[in-house]
Amino acid sequence: MSTVSNNFAGSLVNRSAAAPSGAVSRLSATNIVAGFGEHTVLKGVSLTISSQAVTAIMGPSGCGKSTFIRCLNRLHEEIPRAWMKGTVMLDGQDICDPQIDPVAVRRKIGMVFQRPNPFPTFSIYDNVAVGLRLNGMKRRADLDERVEKSLRHAALWDEVQDRLDRPGTSLSGGQQQRLCIARALAVDPEILLLDEPCSALDPVGTERIEELLIQLKKEYTIVMVTHNIQQAGRIADRTVFLLMGELIEQGATADIFTSPKDPRTEAFISGRFG
Amino acid sequence: MIVNNAASRRWKNRLALCVMVAMVLASLVPLVSLSWTLVSKGIGAVNWQFFYHLPLATPRGVGNAILGSALVLLVATLVAVPVGLLVGLYLAHFAQDRMAGPTRSLLDVMSGIPAIVVGMFIYSVVVQHFGFSALAGGLSLSMIMLPIFARTTEEAIKAIPPTVNEAGLALGLPRRRVIMRIVLRSAMPAVLTGFFLAVARVGGEAAPLLFTAFGSNSWPSHSVKDIVTFKPLTEQVASLPQIIYEYAKDPRPEVVSLAWGASLLLVGMILTIRLGTNMYIRYRYGKGGA
Numbered sequence: 001m002s003t004v005s006n007n008f009a010g011s012l013v014n015r016s017a018a019a020p021s022g023a024v025s026r027l028s029a030t031n032i033v034a035g036f037g038e039h040t041v042l043k044g045v046s047l048t049i050s051s052q053a054v055t056a057i058m059g060p061s062g063c064g065k066s067t068f069i070r071c072l073n074r075l076h077e078e079i080p081r082a083w084m085k086g087t088v089m090l091d092g093q094d095i096c097d098p099q100i101d102p103v104a105v106r107r108k109i110g111m112v113f114q115r116p117n118p119f120p121t122f123s124i125y126d127n128v129a130v131g132l133r134l135n136g137m138k139r140r141a142d143l144d145e146r147v148e149k150s151l152r153h154a155a156l157w158d159e160v161q162d163r164l165d166r167p168g169t170s171l172s173g174g175q176q177q178r179l180c181i182a183r184a185l186a187v188d189p190e191i192l193l194l195d196e197p198c199s200a201l202d203p204v205g206t207e208r209i210e211e212l213l214i215q216l217k218k219e220y221t222i223v224m225v226t227h228n229i230q231q232a233g234r235i236a237d238r239t240v241f242l243l244m245g246e247l248i249e250q251g252a253t254a255d256i257f258t259s260p261k262d263p264r265t266e267a268f269i270s271g272r273f274g
Numbered sequence: 001m002i003v004n005n006a007a008s009r010r011w012k013n014r015l016a017l018c019v020m021v022a023m024v025l026a027s028l029v030p031l032v033s034l035s036w037t038l039v040s041k042g043i044g045a046v047n048w049q050f051f052y053h054l055p056l057a058t059p060r061g062v063g064n065a066i067l068g069s070a071l072v073l074l075v076a077t078l079v080a081v082p083v084g085l086l087v088g089l090y091l092a093h094f095a096q097d098r099m100a101g102p103t104r105s106l107l108d109v110m111s112g113i114p115a116i117v118v119g120m121f122i123y124s125v126v127v128q129h130f131g132f133s134a135l136a137g138g139l140s141l142s143m144i145m146l147p148i149f150a151r152t153t154e155e156a157i158k159a160i161p162p163t164v165n166e167a168g169l170a171l172g173l174p175r176r177r178v179i180m181r182i183v184l185r186s187a188m189p190a191v192l193t194g195f196f197l198a199v200a201r202v203g204g205e206a207a208p209l210l211f212t213a214f215g216s217n218s219w220p221s222h223s224v225k226d227i228v229t230f231k232p233l234t235e236q237v238a239s240l241p242q243i244i245y246e247y248a249k250d251p252r253p254e255v256v257s258l259a260w261g262a263s264l265l266l267v268g269m270i271l272t273i274r275l276g277t278n279m280y281i282r283y284r285y286g287k288g289g290a
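In order, the protein sequence lines correspond to chains S and F. Its first residue numbered 1, the first sequence is counted upward by one per residue in my numbering. Its first residue numbered 1, the second sequence is counted upward by one per residue in my numbering.
Chain S with its partners taken away, still in its complex shape (with noise of 0.2 Å):
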């Protein structure tokens, strides 16, 4: 079990020694064309992710944004009669490939979702332990170092040390997704999926949230869906903006917001539709 924890370390250290802010880029779709049955959602979207940064993907609601991510670690497949096609690259791989293992792509990309889901009838240490036990992680010290570490990168720590086995349930709705994020993280991704991780909070929880990612980017590369146009402006490095299943446009988040070369964009981000 040793080894488990001496890659997390290990993982660690190599990412923010191998790659300065936005510098290499590790993942990226290409000509995503993904949907239900019958119907279309996304019609070939192509995107390159950059690296310990946040990248925030915008538009309003059905346009597909969080098909897009969804598609990204391979959750999508999951749902009845849902398709892609396309090819998502990381570290030179195509993960789409159907010999590759969805287990194993997303042991690498962890997901948050919109409304905070702690498992029911779970403590807190488990709700953060089970992703590890699960994995083949048994011995309590290596485990109780763990869930404190994804804890505190969650920045829930302090206020969860003490009541670590109470239901995760009990927790107010923006600890909850706090500690969604700390059991997503506890597995040791390296890039991090948020489907609009604050629509189901409160302002306060919100900014939490913000400051949080602030800090994970330094070590995740964080890919969020938003439907809230500031919370893109305040947090995001590049700015995604994909309107009917397909990309209008895509830049750094200052260029998209002060000079939209799309008059959709502009229409979008000065609040016309949406």
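To be clear, the hints were calculated from the coordinates, so they are not data collected in a lab. Think of the CB as a built atom: it goes at the ideal place given N, C-alpha and C, for glycine as much as any other residue.
Quick look at which bits of chain S chain F covers, simulated, 3 or more residues with Cβ under 8 Å:
id, stretch
1, 69 to 81
2, 106 to 116
3, 131 to 141
4, 180 to 186
Residues from chain S that face chain F, not an exhaustive set, calculated with beta carbons under 10 Å:
id, residue
5, D101
6, P102
7, V103
8, P120
9, T121
10, F122
11, D126
12, P167
13, P189
14, L193
Cβ pair distances, simulated, as ranges:
id, chain 1, residue 1, chain 2, residue 2, range
15, F, T37, S, R115, 51 to 57 Å
16, F, R181, S, E246, 38 to 44 Å
17, F, L197, S, Q93, 46 to 52 Å
18, S, E211, F, Y283, 33 to 39 Å
19, F, V3, S, S172, 50 to 56 Å
Fit chain F to the known structure of chain S by using the hints.
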């Protein structure tokens, strides 16, 4: 013009309320009177020896029937729980609509089969070949337990939001583990409730036991050798519902009193199981658990 009939409405409202309260009270009469009869007639038979003496000993007791009931319920549980869990999981998570519908109908039909018919069935396929036994009794009870437990398990698992399943998958866990170790555990309070509901339901069944476990006036074999070879399972055993059935018909008042005592014990055990489950679930999983 506004017709003011507020006064007549108020009167109708009061009348309706009175009728409802009267009906509630009326429906409580049988329950209260049953409980009173049960306690007043049963309590006389209950003393320490009642719990560990044989029916023909002095004073009389139902020790072997308590043990026998536990034995047949254990067999029923061992058969119905694994099968019911898997059927429930299958219905909740894997069944295509084409397969799920018929499976559900089958279970519903099964739960509607009269207990005595289940007993007769086990009698013809098991007892006629191997004789009366605790095993046959347990099998007949498991057939009654299975549909109840499978359907409550299905509902319990379906009540877990799909995002729990997705969150598990997103952790990079294989689907099987997500379902068995996360979804099932999340559904556990409701699954446990369903289980104890089913146990309480079959614990009071006499009909299927009469011609499967049959009954007995002695203890099950209990030497070490007999226990390790599972001999008690192959013998006919007494059970609480069966002993009530037998002794209630007896002309001697002290034997009828034993039947009342056994009835009180049976109801007490079922109540304890129900309340105990609720308390355990509240303690173990917190208020949001159940």
